[in-house]
Amino acid sequence: MKRIGKQTICFDNPPTILETASIVGPKEADGPMAEYFDQTLSDEFWGEKTWEKAESKIIKETVNRVITKSGIPANKIDYCFAGDLLNQCISSSFGLRELNIPLFGIFGACSTFVEGMCLGSVFVEGGGANYVLCATSSHFCSAEKQFRFPLELGNQRPPTSQWTVTGSGAVILAKSGEGPYITNITPGAIVDLGIKDGNNMGAAMAPAAFNTLMAHFQDTGRKPSYYDAIITGDLGHIGKDILIDMAESKGYNIRANYNDCGVLIFDKNKQDTHAGGSGCACIGTVFSGYFFKMLKEKRYRRILLMATGALMNSTSSQQGETIPGIAHAISIEI
Amino acid sequence: MEPIETPKEYQKYVDKKSPNSPILKNCFNAFWVGGLICSIGQLITYYCKFRGADQQTAGTIVSIVLIGVSAFLTGLNIFNKIGKFAGAGSLVPITGFANSIVSPAMEYKSEGYVMGVGGKMFTVAGPVLVFGISTSIIVGLIALIFI
Numbered sequence: 015m016k017r018i019g020k021q022t023i024c025f026d027n028p029p030t031i032l033e034t035a036s037i038v039g040p041k042e043a044d045g046p047m048a049e050y051f052d053q054t055l056s057d058e059f060w061g062e063k064t065w066e067k068a069e070s071k072i073i074k075e076t077v078n079r080v081i082t083k084s085g086i087p088a089n090k091i092d093y094c095f096a097g098d099l100l101n102q103c104i105s106s107s108f109g110l111r112e113l114n115i116p117l118f119g120i121f122g123a124c125s126t127f128v129e130g131m132c133l134g135s136v137f138v139e140g141g142g143a144n145y146v147l148c149a150t151s152s153h154f155c156s157a158e159k160q161f162r163f164p165l166e167l168g169n170q171r172p173p174t175s176q177w178t179v180t181g182s183g184a185v186i187l188a189k190s191g192e193g194p195y196i197t198n199i200t201p202g203a204i205v206d207l208g209i210k211d212g213n214n215m216g217a218a219m220a221p222a223a224f225n226t227l228m229a230h231f232q233d234t235g236r237k238p239s240y241y242d243a244i245i246t247g248d249l250g251h252i253g254k255d256i257l258i259d260m261a262e263s264k265g266y267n268i269r270a271n272y273n274d275c276g277v278l279i280f281d282k283n284k285q286d287t288h289a290g291g292s293g294c295a296c297i298g299t300v301f302s303g304y305f306f307k308m309l310k311e312k313r314y315r316r317i318l319l320m321a322t323g324a325l326m327n328s329t330s331s332q333q334g335e336t337i338p339g340i341a342h343a344i345s346i347e348i
Numbered sequence: 072m073e074p075i076e077t078p079k080e081y082q083k084y085v086d087k088k089s090p091n092s093p094i095l096k097n098c099f100n101a102f103w104v105g106g107l108i109c110s111i112g113q114l115i116t117y118y119c120k121f122r123g124a125d126q127q128t129a130g131t132i133v134s135i136v137l138i139g140v141s142a143f144l145t146g147l148n149i150f151n152k153i154g155k156f157a158g159a160g161s162l163v164p165i166t167g168f169a170n171s172i173v174s175p176a177m178e179y180k181s182e183g184y185v186m187g188v189g190g191k192m193f194t195v196a197g198p199v200l201v202f203g204i205s206t207s208i209i210v211g212l213i214a215l216i217f218i
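Top line first, the protein sequences correspond to chains A and B. The numbers in this note's numbering rise by one with no breaks, and the one at position 73 of the first sequence is 87. The numbers in this note's numbering rise by one with no breaks, and the one at position 143 of the second sequence is 214.
Don't take every hint at face value.
Mimicking DSSO-like on lysine-lysine, the simulated pairs with C-alpha atoms at most 27 Å apart in a straight line are [claimed, not checked]:
| # | chain 1 | residue 1 | chain 2 | residue 2 |
| --- | --- | --- | --- | --- |
| 1 | B | LYS88 | A | LYS264 |
| 2 | A | LYS210 | B | LYS79 |
| 3 | B | LYS180 | A | LYS210 |
| 4 | A | LYS210 | A | LYS237 |
Note that these hints are calculated values from the structure, not bench results.
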């Protein structure tokens, strides 16, 4: 493991992504990615009394599923990195409290999934662990309750607003295996270009994604064409356009191979999701469900996975603060 | 495009890039749904008067009926669909006020009846109450002094 350039870590013995699992809610099950998820739920409660409990159950069952699919007994997994959007990350802490695996609770808003994989891969490559589990979740109803208005309130959503994905994605990283491998990680710095509108998260996070993307290209000397796909987490339709424009302004054309999980997970016209999906589970489920399978089938050989997060809460918004964005990138190759 | 350096430049660029709400369509829907709700209220008033109620009693009955119906529709998960379609059309009449109290009461029921339903019931309607009552006091004082 060595540092290259300003902020990228290059692995000598790249950790393998051994297995993934994903469970999504009913709206995602109606979307274009439905067939790739391990399980789709028919309602948001999944037999629980509250949305918070439902979200905990979703992450718990997703983790159980990835462990079962991998064939690795739970007691062989050395560490777990998990986080979510609810205050003090209760979904993951409550969902994983019976797991009995040493846990790092992490918060990077919607960037948590890749943040966990960055940390996990360093643990594995550094010799600290043979197997590491990374998981995230988000839930439309619990997120709306915490960040916006009650669901039954009869208000209108602006066209720039995004739809929090209900679901959970989990991966197991291993010291050795047949790939796909995490070859590089580029953790990102906070970038805040002064966006205050909580209904325009894509615009708030795009500058951070741009910053991390530029850092990754400069550190590794790679060009956009090196990757079969460059995938961001939840910039949505507006943030995606902004990132394309910003990259172009620095001479990088990512138009051909760039897409965003928030754009992919919902059908904007049929599902009334406005600017697209968001939430920790957006990239978590789309990577675990779709891209991991594509890598396994070698339809994609090199992808850059970049999760984006908006580091705000409802208090900071009400106090008129701007929204700091963050983005972490990992390159996955097979 | 030119590279963006300052928040000001970025805000300008984002404003250009972000689609606006369909204002004309929203206004039209708000107009006819709001008008329809008020017409229903007026019809109830006429009916009450026809049955022998005076103006004030009829007005009270209208409020009770509209509040009752919108609270019920909120509980059935229907009012938010009307609100999404009509915006201010269903929000500004008393129907919107009822919805703004019932919806947090339902949402926070999971945190108990006292601190959940009781404590959070007015999170949305609270500002309307505070500023509505404050304004009425000021107007009342002006009326008392000058009229």
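Hint-by-hint comparison with the structure:
no.	hint	result
1	B:LYS88 to A:LYS264	holds (19 Å)
2	A:LYS210 to B:LYS79	holds (12 Å)
3	B:LYS180 to A:LYS210	violated (31 Å)
4	A:LYS210 to A:LYS237	violated (32 Å)
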